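Trainee: Sequence:
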Amino acid sequence: MCDPEVGAGLLETNMGPSSALAHLYRGEIHRMKFWRERLDRTSNWAITLMAAILTWAFSSRSNPHYIVLLPIVTVSIFLFIEARRYRAYDIWRSRVRMLQQNVFALGLDDSAGVVDEGWRQKLSEDYRLPKVKVSLEEALAHRLRRVYVPLFLVLLAAWVFHLTAYTSGGQWPSSAAIAWVPGGIVLATVVAFYIGILVVAYRPREWNINGEILPSDVTGWDYSHE
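If you count the sequence shown from 1, position 146 lands on 134 in this note's numbering, and the numbers rise without skipping.
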């Protein structure tokens, strides 16, 4: 049975500027939602373009294998665009999480106290001089884990399949040649690229992203109270 006192005094004057804080929170939610939608549009365009090129590449055996490599380049461009947008998105999301953790969570249950004693000063400084809080590499790693690593793996599988089933240019890796570029160099370039994105995506790091549910948060959840 729900406690009727839960949430009582959530935005009393001793917690903040009352209704002004509520409007501020709604504004930050709106901004976060807008940038979240921009992220989704970038991912949708990357997937649509990738699917279109792959469909054409496999429509005829006469199509060269390097057509399958073109989506790797275009998807990489979308990845960098999305990482840049993600850094902007994190500005608004970090503010929302700061208010949720230190105002709303405290108003619902004050037994745990605030998460950050200096949250008011930090939020004030962030409004005076907004700063990007996530590095480009961390933003790339997050988007790779969430969206782009699976896309790149699909492209790699498609390229290998095209080389082995569609291309008749000699034995592997000579069949991977592109014009005057030997197949060994093409293969080494592709392998180096994939090693690079996997290192960026999965190397151990301390995440600075505030409010995103990471795999460690999910696997480390304690269900004993349920």
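Source of the hints: derived by calculation from the structure; they are not laboratory data. Remember, predicted model here, so these are calculated numbers, not experimental data. There could be a bad hint or two in this list.
Claimed, not checked - Capping the alpha-carbon separation at 20 Å, the derived lysine to any residue pairs in SDA-like fashion look like this:
(1) Lys121 to Arg193
(2) Lys119 to Val61
(3) Lys110 to Arg75
(4) Lys21 to Arg134
(5) Lys121 to Ala10
(6) Lys110 to Arg134
Trainee: Each hint needs a verdict: does it hold in this structure or not?
Mentor: Right, here's what the structure says about each hint:
1. Lys121 to Arg193: holds, 15 Å
2. Lys119 to Val61: violated, 30 Å
3. Lys110 to Arg75: Holds, at roughly 18 Å.
4. Lys21 to Arg134: Answer holds: lysine 21 to arginine 134 is near 18 Å, not above 20 Å.
5. Lys121 to Ala10: Cα-Cα ~24 Å, so violated.
6. Lys110 to Arg134: Violated. Lysine 110 to arginine 134 sits at ~29 Å, over the 20 Å cutoff.
When held up to the earlier numbered hints, the structure conflicts with 2, 5, 6 and fits the remainder.
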